[in-house]
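J.: So the chains spell out like this:
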Amino acid sequence: MIDFSILINNLDTYLEGFKNTIFASIIGLVGSFIIGVIVAVMRIAPIKPLNWIGTVYVEFIRNIPLLIIAFFFYVGLPAVGVTLSGFVAGTIALSIYTASFIAEAIRAGIQSVPKGQMEAARSSGLTYVQAMRTIILPQAIKIVIPPIGNQFINLVKNSSILGIIAGLDLMYFGDIVSSHTFVTFDVYIFVALFYLVLTIPLSLGVGYLEKRLARNH
Amino acid sequence: MIRFDSVNKYYGDFHVLQNINLEINKGEVVVVIGPSGSGKSTMLRCINRLETISDGELIVNGVKVNDKKTNINELRRNIGMVFQHFNLYPHKTVLQNITLAPTMALNQSKEEAEKTARYYLEKVGIPDKVNSYPSQLSGGQQQRVAIARGLAMKPEIMLFDEPTSALDPEMIGEVLDVMKALAKEGMTMVVVTHEMGFAKEVADRIIFMDHGQILEQGKPADFYANPKEERARLFLSRVLNH
Ligand SMILES: Nc1ncnc2c1ncn2[C@@H]1O[C@H](COP(=O)(O)OP(=O)(O)OP(=O)(O)O)[C@@H](O)[C@H]1O
Ligand SMILES: [Mg+2]
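Just so you know, the sequences run in chain order A and B. Counting in the working numbering, the first sequence runs from 4 upward without gaps. Counting in the working numbering, the second sequence runs from 15 upward without gaps.
One chain only, chain A, in its complex shape (with noise of 0.2 Å):
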């Protein structure tokens, strides 16, 4: 059986990180979503050298581990002088990570919309912009919105590599009831729950919207 005494033996323990969590997790939404759309639209202007810095973003930053990016903040910086908590360096990480996985959301629901669309807007004399915001954008927005709630269900779950650099999360927080109560097993149950919790809501949020999405045609 699982023992609740733990919970609620440590439930402020477990409570602060769960804040911190979902501080770093909205955050981290936020920071990834915005610098997720400045590389997509990086990639896709019609200017090269532009498109070669999104690409370089896109594939470097996917490309290599998370715990690794947080690293870089949480153990790199401090070399050149510059030195940041645990929490603020892995939610930078966390959001730069997971912005490269939504560029490239972005970009393939912006690609995926035919090209005569845009021909046909822009040969009626709208400009560029225009026919972004009025024809491709709200055309493109349907396709990308399942795959950026997957990223940002994922963000949520990614969070925990803050445990790793004393980030305060659930994770470190969890990791110090465990060494306190000398109890693994059902420590990290009610970790997972409280993961679940965040994470199940996004989950039905996401598939609503995808089904709303497709009623409209």
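The set of hints was computed from the structure by calculation and includes no laboratory data. There could be a bad hint or two in this list.
Claimed, not checked - Listed below are the simulated SDA-like cross-link pairs for lysine to any residue, each with C-alpha atoms no more than 20 Å apart in a straight line:
hint : chain 1 : residue 1 : chain 2 : residue 2
1    : B       : K106      : B       : Q150
2    : B       : K106      : A       : Y131
3    : B       : K124      : A       : T137
4    : A       : K118      : B       : T56
5    : A       : K118      : B       : P148
Please build the complex by placing chain B with the ligands on the supplied structure of chain A, with the hints as guidance.
T.: Frame of chain A, contents of chain B with the ligands only:
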């Protein structure tokens, strides 16, 4: 109104347009034919700079199309384009499809743009479809909306790239009728099509292209009855006997 002067275009090493010289006057209806891959679409799309040229000069409405100083959006407002696959905006109604460019690019008021849209929908024979979405229309109806969308900008030139090739046979006529009426009203038209009936009835000139070159041009009656070039003859016999 449209002038190609020794225009060449390459895709890498591939010489897709070879020394094109062509002058099209105001009010003229020109039909372009030729085998697949001969460069018909490419030539047409150069006129509104959907494709850029590699060298030579292309002047439309007195403006050098590929000049850096040319305001391409301004030029395009004066050139309507109709595509093989209609390219209507699927997330917008018929009315929104037609009013979008007039309101955004010409700054017309919504009322004015809608009035114009209804006028042209009447003209292409589907006034009752204003609030439908493209997916609710037949191919022929979609293409007629696309023509109305082009006309609503009141352009001086209309370009058509195989406007009936994607249509079921029973819908070709309704689209061609709209185009014929337009031709008879004096619109300057460049039409890539293999519809001989259309060409014979309203075209002032046929242009035959092959391998990126204009091989032959002439009046439709003469051209179809008696093509001079061997390749044109071969092409016609294949189109007619298929
Ligand atoms: N973006 C591109 N890059 C490289 N080659 C291209 C490109 N677009 C077209 N081509 C080539 O240029 C040639 C001319 O193409 P184009 O579409 O103008 O022919 P077309 O006469 O319109 O043919 P169709 O009757 O099949 O529409 C073709 O061989 C095509 O493969
Ligand atoms: Mg073509």
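J.: Are the hints correct? Go through all of them and say.
T.: Hint check results:
Our distance criterion of 20 Å between C-alpha atoms is met by K106 of chain B and Q150 of chain B, whose separation comes to about 12 Å. Between the alpha carbons of K106 of chain B and Y131 of chain A the distance comes to roughly 19 Å, so the proposed pair stays at or under 20 Å and holds. Between K124 of chain B and T137 of chain A the CA atoms are separated by roughly 16 Å; this keeps the pair inside 20 Å, and the hint holds. Distance check on the hinted pair: K118 of chain A and T56 of chain B sit about 15 Å apart at the alpha-carbon level, within 20 Å; holds.
With a CA separation close to 17 Å, the supplied pair K118 of chain A and P148 of chain B stays within the 20 Å bound.
In the structure shown, no violation is registered for any of the earlier numbered hints.
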